[in-house]
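Going by the working numbering, the sequence shown opens with residue 1386, and the numbers climb by one from there.
Calculated directly from the structure, the hints in this document are not laboratory data.
Just so it is clear, the structure is predicted and the values come from calculations on it, not from any experiment.
Some clues are possibly wrong.
Cross-link-like lysine-lysine pairs, in silico, DSSO-like; alpha carbons within 27 Å at most [to be verified]:
hint	residue 1	residue 2
1	1426	1416
2	1408	1396
3	1422	1408
4	1422	1530
5	1422	1527
6	1527	1426
7	1530	1426
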Amino acid sequence: MGRKAVDITTKRTIILLRAIATKPGVGRRSKLTDRQKRVIKLQQVRDDTLSLNDLIRYVQTSFNITVNRRTVSRILNEFDMFSYVAPRKPRINHRQRYSRLQWCYQHLSWAEKDWSNVIFTDESNFEILNRKNRIYTRRFRKDLKRFERSQPRVHKGGALKKKKYSTKLKKVPRFATNSC
1386 MGRKAVDITT KRTIILLRAI ATKPGVGRRS KLTDRQKRVI KLQQVRDDTL SLNDLIRYVQ
1446 TSFNITVNRR TVSRILNEFD MFSYVAPRKP RINHRQRYSR LQWCYQHLSW AEKDWSNVIF
1506 TDESNFEILN RKNRIYTRRF RKDLKRFERS QPRVHKGGAL KKKKYSTKLK KVPRFATNSC
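Given only the sequences and the hints, what does the whole structure look like? Please build it.
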């Protein structure tokens, strides 16, 4: 081959085929087989909140192969699975707000004994697995329900409060906007 940019035989094959094609099987072989890639996809479909680190641990324990985060992400992208942030739980609408207000006004006449049987779960913040952070889910790109999964939120603060064993109830300003 002389000092030409393209060899004459390469130029002839480009002219004959009218395209530049690579031979099949050229390049580095994949570390994972097609079956193993499908198993990784199946794990992600079963639990769409699995992180890449969880999938890497699964591959190491199941197949005894060490893979990189980028490799697992590329495999899932090949199956058209992309990462989305789960939206926050939607706020209540006007009809729900109205029905909660009606319920509260109906129960204003309850005695202190009746209220002692009620558990208000919105007074304390119960969090499992640090839900203040974002939740990432992987879904298929053409999945219409990919945005329906919402991140569960617990609203802080109560709707009604008692003062020192009195039967008077105090209405919190947040009550009309968020939750009862």
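Against the structure, the hints:
| no. | hint | verdict |
| --- | --- | --- |
| 1 | 1426 with 1416 | 16 Å, holds |
| 2 | 1408 with 1396 | 16 Å, holds |
| 3 | 1422 with 1408 | 23 Å, holds |
| 4 | 1422 with 1530 | 24 Å, holds |
| 5 | 1422 with 1527 | 20 Å, holds |
| 6 | 1527 with 1426 | 16 Å, holds |
| 7 | 1530 with 1426 | 18 Å, holds |
In this structure, every one of the numbered hints holds.
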